[in-house]
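Participant: Protein chains in written order, with the numbering used here: chain C, 1 to 255; chain S, 1 to 410; chain X, 1 to 237.
Possibly wrong hints are sitting among the right ones.
As the list claims (entries may be wrong) - Dumping the calculated DSBU-like pairs for lysine-lysine here, alpha-carbon to alpha-carbon at most 30 Å: (1) X:Lys124 / C:Lys82; (2) X:Lys167 / C:Lys147; (3) X:Lys172 / C:Lys147; (4) C:Lys14 / X:Lys123.
Just so you know, these hints were derived from the structure itself, not from any lab.
Given the structure is predicted, the values throughout are model-derived calculations rather than measurements.
As a plain string of letters, each chain reads:
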Amino acid sequence: MNRIIKYVLLDIIKNRLVLGYALILALVSWSLFNLEDNSAKGVLSLTNIVLLIVPLVSIIFSTIYIYNASEFIELLVSQPLKRPQIWMGFFAGLTLALMLAFLIGVGLPLLIYADGGIALILLITGLIITGIFVALAMLVAVLARDKARGIGLSIMVWLFFALIFDGLMLLLLFQFSDYPIEKTMIGLTSLSPIDLARILILLRLDVSALMGFTGALFKEFFGSETGEWVALMLMVLWILIPFWISLNRFKVKDL
Amino acid sequence: MRYSFFWFLVLFCFHVHADTLQVGRGKKYSSIKSALEVAHNGDTVMVFPGDYREGNIIIKKAIVLTGINRPLLDGLKKSEVLSIKSDSVTVKGFRVVRSNFSTLEDPAAIKVYDSNYVVIEDNILEDNFFGIYIQYGRHCAIKNNVIKAYGKDEQMIGNGIHCWKSDSLLIIGNNVSGHRDGIYFEFVTNSLIWRNVSHFNIRYGLHFMFSNNDAYISNVFKNNGSGVAVMFTKHVRMFNNHFMENWGDASYGLLLKEISDCHILGNKFTKNTAAIYLEGVSRAEISRCTFEENGWGMQIQASCMDNHIFDNDFIRNTFDVSTNGDLVLNSFYENYWDKYEGYDLNKDKTGDIPYHPLSLFSMIAESNASAMLMYRSFVVMLMDRTEKIMPSITPDNFVDNQPRMKRVNL
Amino acid sequence: MIEISGLQKSFGKLQVLHDINLELKSSSCIALIGPNGCGKTTLIKSILGMVIPQNGDIKISGKSIIYQHKYRELIGYMPQIGRYPGNLSIGQLIKMVRDLRPARNEYDEELIDAFRLSDIIDKKMSTLSGGTTQKVSAVLAFLFDPPILILDEPTAGLDPVSSEALKVKISKEVEKGKLVVITSHILSELDDLVTSIIFMNEGRIAFNKTVSELLQDTQEEKISRAIVTILTNQQQV
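Extracted from the complex, chain C is given alone in its bound form (with noise of 0.2 Å):
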């Protein structure tokens, strides 16, 4: 497995995109916090970079490149290599390309401007968000055959965890205001990655304001260390089941 992601890193480091997706993050965060002599405003800008721009690049990129690639993985089948070794091997490379990317990008500057906490907490986030991403592109692209259609799926997909899924929440958070729902949409957010992502930046960002969220169950559940863990537990899993539905589906799949 290591040889193939060796090969698949060297093909994506010499793609174009996976570079220009690096230094385009770079470029932003550099003159965001350049720009700005209040570091807090660059740390909200990177938290919109992370929570909107790093999945939907991590899912078109990762979606094209496999479906690009669908020559090489065949040749790599035609090979004495197992397939889920060769699967692994591409999500692999694809996550380390794009997760080296986003360290470069957004890492660095984040280091060197934010306070510690908060950078580690996008960083942590980012890069998790990064392989959730990926996970789901291999979804996407083992399920839908061809790439235009592909393609449109990943795009779908990026557009209901950033915007539609946090719009049904709130729709029914004004719906069911006089009831005691927090539980609830506590227990909904983790079927979000991007919301169990924006919520661990939060507590880090607005811990002030969320102290006082009535109920305090909010900040009780994921507040507690254990809670935070727990967020990122589950973002782990975002990046695990999807990728082994993907892997499960690739194994049989017909080439």
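The hints should help you fit chains S and X onto chain C, whose structure is shown.
Facilitator: The following block gives chains S and X in isolation, referenced to the frame of chain C:
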């Protein structure tokens, strides 16, 4: 003037006749009480190291009670420890612990009854019901004491420094923690609270009611149950205090209720759930304050009027201000708002377009607290943006017409 | 060498392979022929494990290969249209495939010389013509000296010289005792290589005969003629 010479003489006499009575193992007096019995006004009772479990020690003479190397006065949870019932008493250098618990009598480690010119200085008070209690005291000073308790429940513990119906007090340099209220003022006038640290108290760091013409300056209020409350009061000056980490539901850095003509200058509010909550406040001046990393910078209720809020810095707050109505009778001007996105083409250091500090979502979160769960999501961001461009719900006269481009206080 | 029994495969509603039973022995060069869409490629891909059959079994050297991967060490595969990662040069591609398979002491690089690929070894795969890509595919198939060679339309895009070189190589390998399976529809090219012929039609095996049997049965002298004869006969029946 007529009496000044007489007073001088009186003082002179005291000085001349002052004795020093030594208490301790191997000293002339083995107990404090026995020394007090024979002491005269103006004497010094010097207490040497040791544990003194003498029940309630009552001082009825104008003496100086001073501890050498911090002797221990222990109430054994059975009685009040030191009761001061004379003017001009000084208590200095003790460790006073374990007063009894009684909600009827409010026993304290050191309690001053109807006495003036009392000085309580440099003591360590631990695990008492009330720490220092002054009732009907005038010109008393409480300086550099450390007052600690381990209260868990509001009902089971008294206040650190409790002042009632007093005047001209000086509360300086004390460190209070673990009590119900760190410092409590009720019907106290013309007093100064200066350079105290009040932290980890169960209810308020400072509780202030019906106390006019006081000032509290350069204190630190940190991590108290619900911050600092100033209520039903006039002419209070609050300068250069630091309110920090007062976290929780219904927890405020500073709670202002039904007060008027107050000056709140140069304070720093850091990491409070709500930095200042104002209800029924009128003619207050809030200026040169820094609001940093609070949940809400200012929750200003519609019942407030004629307040002037200017030259403040609002930085990294989740919401800078919020309100509960669309009536705006206060003026905001020349503040620095880090969320301001305007420009300054004429270089006069104030932004050319007005700033509306109210965000739609702060209004939503005000009425529906669980909505906080959705904060900073893309949808909410879009909603806020739309509201900024076309205000429909937030009152459009809630505005700072001269937002600053640079911070005021650095 | 390869035993196929009761093999069935359908893509959705389309049944591509109906109950295929075959036995392919070593030291033979088998032509797998048939019209487009008859299931040749699917059959080959099943053997390679790229397509997973619904029913039936494929055994190589007596062991079932379904969901296995190690047996592919025994197979060299030359796809019909070789598609490779465009970023790699020929040399890098060869090196990579070498890297991915178990290491060997010796690599069969005869075809690299025969196709004169050394001169363009640094060219990117994406810039190569179809013919050159075919050559690279052939090189990769033979590189590991595998006992089974599966060549899908090997000569389709090759120039006559290279085509000839490949044929020489194939017959040499057959003589060494290998099993070579070739799919093709250009019959005449196969004449002098092939030892037996499998003809597939609509997912079934129409016939499976050695060349000598075929010629004898049909009284023809050329394979292509013989096939046409047999097909017309079948249709009449």
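Participant: Would you mind confirming whether the straight-line C-alpha gap from lysine 172 (chain X) to lysine 147 (chain C) stays at or under 30 Å?
Facilitator: Roughly 42 Å between the alpha carbons, so the hint for lysine 172 (chain X) and lysine 147 (chain C) is violated.
Participant: Is lysine 14 (chain C) within 30 Å of lysine 123 (chain X), Cα to Cα?
Facilitator: Holds: lysine 14 (chain C) and lysine 123 (chain X) sit about 15 Å apart, inside 30 Å.
Participant: Going straight from one Cα to the other, do lysine 167 (chain X) and lysine 147 (chain C) come out at no more than 30 Å?
Facilitator: 37 Å, violated
Participant: Need the status of pair lysine 124 (chain X), lysine 82 (chain C): alpha-carbon distance at most 30 Å?
Facilitator: 27 Å, holds
Hint violations for this structure: numbers 2, 3, all remaining hints satisfied.
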